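K.L.:
Chains A and B, in that order, give the protein sequences.
This note's numbering numbers the first residue of the first sequence as 179 and each following residue consecutively.
This note's numbering numbers the first residue of the second sequence as 8 and each following residue consecutively.
Derived from the structure by calculation, the hints contain no laboratory data.
This structure is a prediction, so every number in the text was calculated from the model and none was measured.
All C-beta atoms, glycine included, are put in the ideal place defined by N, C-alpha and C.
Here are some chain A residues the structure puts well away from chain B; computed CB gaps all over 10 Å:
id : residue
1  : S255
2  : L302
3  : I400
4  : Y429
5  : S436
6  : R480
7  : N576
8  : K596
9  : D632
10 : E706
11 : L723
12 : K741
13 : L768
14 : P781
Restraint-style ranges between C-beta atoms, simulated for each label pair:
id : chain 1 : residue 1 : chain 2 : residue 2 : range
15 : A       : P783      : B       : Q310      : 50 to 56 Å
16 : A       : E615      : B       : R345      : 49 to 55 Å
17 : A       : R522      : B       : E365      : 33 to 39 Å
18 : B       : R345      : A       : D694      : 43 to 49 Å
19 : A       : P360      : B       : E232      : 51 to 57 Å
20 : A       : R396      : B       : F430      : 57 to 63 Å
21 : A       : R522      : B       : P419      : 25 to 31 Å
22 : A       : R522      : B       : G19       : 27 to 33 Å
23 : B       : H58       : A       : W438      : 35 to 41 Å
24 : A       : D694      : B       : L350      : 55 to 61 Å
25 : A       : P394      : B       : R338      : 53 to 59 Å
26 : B       : L212      : A       : D791      : 40 to 46 Å
27 : A       : D707      : B       : S382      : 45 to 51 Å
28 : A       : T704      : B       : G19       : 44 to 50 Å
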Amino acid sequence: MSSNSFSYNEQSGGGEATELGQEATSTISPSGAFGLFSSDLKKNEDLKQMLESNKDSAKLDAMKRIVGMIAKGKNASELFPAVVKNVASKNIEIKKLVYVYLVRYAEEQQDLALLSISTFQRALKDPNQLIRASALRVLSSIRVPIIVPIMMLAIKEASADLSPYVRKNAAHAIQKLYSLDPEQKEMLIEVIEKLLKDKSTLVAGSVVMAFEEVCPDRIDLIHKNYRKLCNLLVDVEEWGQVVIIHMLTRYARTQFVSPWKEGDELEDNEKNFYESDDDQKEKTDKRKKPYTMDPDHRLLIRNTKPLLQSRNAAVVMAVAQLYWHISPKSEAGIISKSLVRLLRSNREVQYIVLQNIATMSIQRKGMFEPYLKSFYVRSTDPTMIKTLKLEILTNLANEANISTLLREFQTYVKSQDKQFAAATIQTIGRCATNILEVTDTCLNGLVCLLSNRDEIVVAESVVVIKKLLQMQPVQHGEIIKHMAKLLDSITVPVARASILWLIGENCERVPKIAPDVLRKMAKSFTSEDDLVKLQILNLGAKLYLTNSKQTKLLTQYLLNLGKYDQNYDIRDRTRFIRQLIVPNEKSGALSKYAKKIFLAQKPAPLLESPFKDRDHFQLGTLSHTLNIKATGYLELSNWPEVAPDPSVRNVEVIELAKEWTPAGKAKQENSAKKFYSESEEEEDSSDSSSDS
Amino acid sequence: MISQFFILSSKGDPLIYKDFRGDSGGRDVAELFYRKLTGLPGDESPVVMHHDGRHFIHIRHSGLYLVVTTSENISPFSLLELLSRLATLLGDYCGSLGEGTISRNVALVYELLDEVLDYGYVQTTSTEMLRNFIQTEAVVSKPFSLFDLSSVGLFGAETQQNKVAPSSAASRPVLSSRSDQSQKNEVFLDVVERLSVLIASNGSLLKVDVQGEIRLKSFLPSGSEMRIGLTEEFCVGKSELRGYGPGIRVDEVSFHSSVNLDEFESHRILRLQPPQGELTVMRYQLSDDLPSPLPFRLFPSVQWDRGSGRLQVYLKLRCDLPSKSQALNVRLHLPLPRGVVSLSQELSSPEQKAELAEGALRWDLPRVQGGSQLSGLFQMDVPGPPGPPSHGLSTSAPPLGLGPASLSFELPRHTCSGLQVRFLRLAFRPCGNANPHKWVRHLSHSDAYVIRI
Chain A
179 MSSNSFSYNE
189 QSGGGEATEL
199 GQEATSTISP
209 SGAFGLFSSD
219 LKKNEDLKQM
229 LESNKDSAKL
239 DAMKRIVGMI
249 AKGKNASELF
259 PAVVKNVASK
269 NIEIKKLVYV
279 YLVRYAEEQQ
289 DLALLSISTF
299 QRALKDPNQL
309 IRASALRVLS
319 SIRVPIIVPI
329 MMLAIKEASA
339 DLSPYVRKNA
349 AHAIQKLYSL
359 DPEQKEMLIE
369 VIEKLLKDKS
379 TLVAGSVVMA
389 FEEVCPDRID
399 LIHKNYRKLC
409 NLLVDVEEWG
419 QVVIIHMLTR
429 YARTQFVSPW
439 KEGDELEDNE
449 KNFYESDDDQ
459 KEKTDKRKKP
469 YTMDPDHRLL
479 IRNTKPLLQS
489 RNAAVVMAVA
499 QLYWHISPKS
509 EAGIISKSLV
519 RLLRSNREVQ
529 YIVLQNIATM
539 SIQRKGMFEP
549 YLKSFYVRST
559 DPTMIKTLKL
569 EILTNLANEA
579 NISTLLREFQ
589 TYVKSQDKQF
599 AAATIQTIGR
609 CATNILEVTD
619 TCLNGLVCLL
629 SNRDEIVVAE
639 SVVVIKKLLQ
649 MQPVQHGEII
659 KHMAKLLDSI
669 TVPVARASIL
679 WLIGENCERV
689 PKIAPDVLRK
699 MAKSFTSEDD
709 LVKLQILNLG
719 AKLYLTNSKQ
729 TKLLTQYLLN
739 LGKYDQNYDI
749 RDRTRFIRQL
759 IVPNEKSGAL
769 SKYAKKIFLA
779 QKPAPLLESP
789 FKDRDHFQLG
799 TLSHTLNIKA
809 TGYLELSNWP
819 EVAPDPSVRN
829 VEVIELAKEW
839 TPAGKAKQEN
849 SAKKFYSESE
859 EEEDSSDSSS
869 DS
Chain B
8 MISQFFILSS
18 KGDPLIYKDF
28 RGDSGGRDVA
38 ELFYRKLTGL
48 PGDESPVVMH
58 HDGRHFIHIR
68 HSGLYLVVTT
78 SENISPFSLL
88 ELLSRLATLL
98 GDYCGSLGEG
108 TISRNVALVY
118 ELLDEVLDYG
128 YVQTTSTEML
138 RNFIQTEAVV
148 SKPFSLFDLS
158 SVGLFGAETQ
168 QNKVAPSSAA
178 SRPVLSSRSD
188 QSQKNEVFLD
198 VVERLSVLIA
208 SNGSLLKVDV
218 QGEIRLKSFL
228 PSGSEMRIGL
238 TEEFCVGKSE
248 LRGYGPGIRV
258 DEVSFHSSVN
268 LDEFESHRIL
278 RLQPPQGELT
288 VMRYQLSDDL
298 PSPLPFRLFP
308 SVQWDRGSGR
318 LQVYLKLRCD
328 LPSKSQALNV
338 RLHLPLPRGV
348 VSLSQELSSP
358 EQKAELAEGA
368 LRWDLPRVQG
378 GSQLSGLFQM
388 DVPGPPGPPS
398 HGLSTSAPPL
408 GLGPASLSFE
418 LPRHTCSGLQ
428 VRFLRLAFRP
438 CGNANPHKWV
448 RHLSHSDAYV
458 IRI
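I would like the entire structure built from these sequences, with the hints used as guidance.
P.N.:
Here it is in structure tokens:
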């Protein structure tokens, strides 16, 4: 990717890698070189000695090698007793590596792991917040059932800690304890409830993560904290924002009435909508309409808007889905620009953004229409992105832009990527059926493609033309004649079968050609693909019914050939047709209706978007991407008919007033300052601890 | 709620493996992932893969696969974003991201992962925040090469060579707290372009595409302001033209969010306050319309005698760069018909090398001067069922399986679009220390340079 590493690799990468492979763990310390020749067991002996030495540097070397072993998947569990002693080491570097080791092996060596617990308990009371936090983190990561009560106690204490960083870690520990022992749920919910009230931006994200995992259905816990979360949102760290926004989306869908019923009148004053709250409140008062948006609902929509500028794609998408699911339809338009902006990032992100846009563009075309050009396919796009872009372009096509689009499609058809060219032809077919004005233009264009040099393109065009003609019972004799001529040159079975079917269906419109085609096909019957053979038989049957004078003998010849075919489907079809169309004594009442059966008006195929059924998943979730319900997928509920009591969200009047004053911004800044000063504190303390 | 995170080398060996929740099937998962990935045709691996209730999400970065697995329903964006942030983080802490650096710094990587992810939940990904917590020092490779020696003068005296930094200078960790301070005040700016070209057998140009980016790696304290001046004739889009000259035109430009574009319209100056570490300041692309001639032209001629099975390929390679520039590490790769055994060669200069490898001809030209012309005559025997008696002594129609030829090369100090960095100025003066070093490098290299035969 980066040329930096590119040229770097050129010069040294190769040699380096092989060297590493040979020396395995010994690269880190020069003293480990002799380990190369000794057996595994011996090597571990030597590690043990190093761990027991008095020098920190030897211990550190040993720990680094052990972590290296873990990374390589070698079993280092027999070193557990030697390693666990160092958990009380004063050297933070060693300590942290011991933590890495402990978390990995504690579950296997439960008894020995208990040796370390007292150290953690002591560390939980350390004056340094960093040490308290990391002790809690490791303690809660040790999956040993016996220590559940200790963990519970530690979490409770930490949740009341003065340092927000420790409280944040307490929130993270909740899920770990919950998965270790689900019976603690009730107690944990109490902790969550307490932490939800926390005013620090550091904690907010983490506690909502815990809430989502432990008790996502306890929506009542959110009520009192709803406004606070909305107001804090901008200052929460980005990963927390994503989780909070998703949670609030679900919350809004249960607590507010649908804003979607309103008519178009709203769009007039839409522009004034964002100017200020007071303005907006006046508007809502003036409108005197049955629907007025709950101010809390508005608060959420307004406070998430600035996050569309986030540099984290996940946040942008989270806001986009929030607008999509809960904002009035007239306001959802603003997300399209941000989503289109995401298309500039790496191709993995592009892929998923495009998927989401594809779903959105089916339902609300207008949203992405102004950005039509952004979805033009670039030659460097990988095929998966190309097909998604085509999909979106099809969804966006309308009377106004179709001519531009068709011109764009023309260049795509010429692409080197044949799979993509074929997909484009399909797309043209879909546009032609969706927009009646251009059906004829498209059809003509496709007919021109029939003389293309590339066989795949021709074959795909034939198939699409077949579908189009089927939808239009109008006369298209010329096209059918043209396609009949193609039968001589084209070899792709699907295309041949399509042409034959088309001629059979329209055999009465091309009375001169059809029998001749049948004659040619009878000649080549034995060398055709099975798919084509079936269609030849069908054509024969149809002609027999409409024009038996010319084709009787031919059809009988074909039926005889079919009777001895190797494929049982074809033998079966032959028997069936013979019984149905050739009159004899035994033939039942059905043969009277043979013509009606064969030449019935067939329903045209529906050319549909493959994204049609995805919209029942919440956008921006893994379930939506996979189109499968993933574990833990939480359904978005439908809007309630009547809004539940909004007063549950009221906290205390004083606080409410404070949050609603226009000084809200100043307050945010305040909290931001506080946040930074705290992190400075952390820096200081970490410095002091590393000095010690 | 990530279950596992692992880094695989391009060959599928797990370099780093971490299980966060203990609810998944252990290390076999990494192998399963690689098997699934390699089972797919081409390089079109889907971003999200699904197997038995477990979802794999991966990105490729510098030849490594960074993979997370999860079994729950979370925003795929968070995962993708997380992976790319991790890639940047690892790059910042270990110097550069690559197989070698990762396996040298296993302990550091684990410590980082420990801080970034707790029980599969993201805690923080900012380089700045994390530096408070990370204790392990990165192990930096010092590859021994003569190239490095050349920059050290006799008795350690400074030589002229010092004005050029070795190409690996920028690949070192941003955050080494204990290294000497004098090294820290450096800024590296790279203008890198990737060129993909397709030339038809008659020599006409079918496709040209240049993808460029300006990358910055800053070792200065975060928030120090700098200004980057681009070529003034630089213009974006087809319609816009600046100045009287031909102009340097690109089709599309995008900037990093920290770039201030106030002076871009008027003077083509980017102003930014980059955080410490690496970032892409600007990305641009240009297709179809190159201002300069293509760097290489290949004139092949093929003689093929079906009767005796003798294949003679004469390749003439002309380098159309300005005579002062040169191309490095040029390698021509020409797939040959099946079963080619012997090769005799006549090359125009001794430093070139040609050999048969994996059913293809590989012609290495370590250095090609601009304006020069090189040639090679290759004769091969293609055994096989003796074809129909030859009509003439030789026919011009090439046998099956020959070509297309592809070229790979690097063009130092050259950009295909013509974009140059005029200057790089720092507004910030670090107190007490000497002036910060500013390194600027221009480089083009081939992405896919294919010539049909």
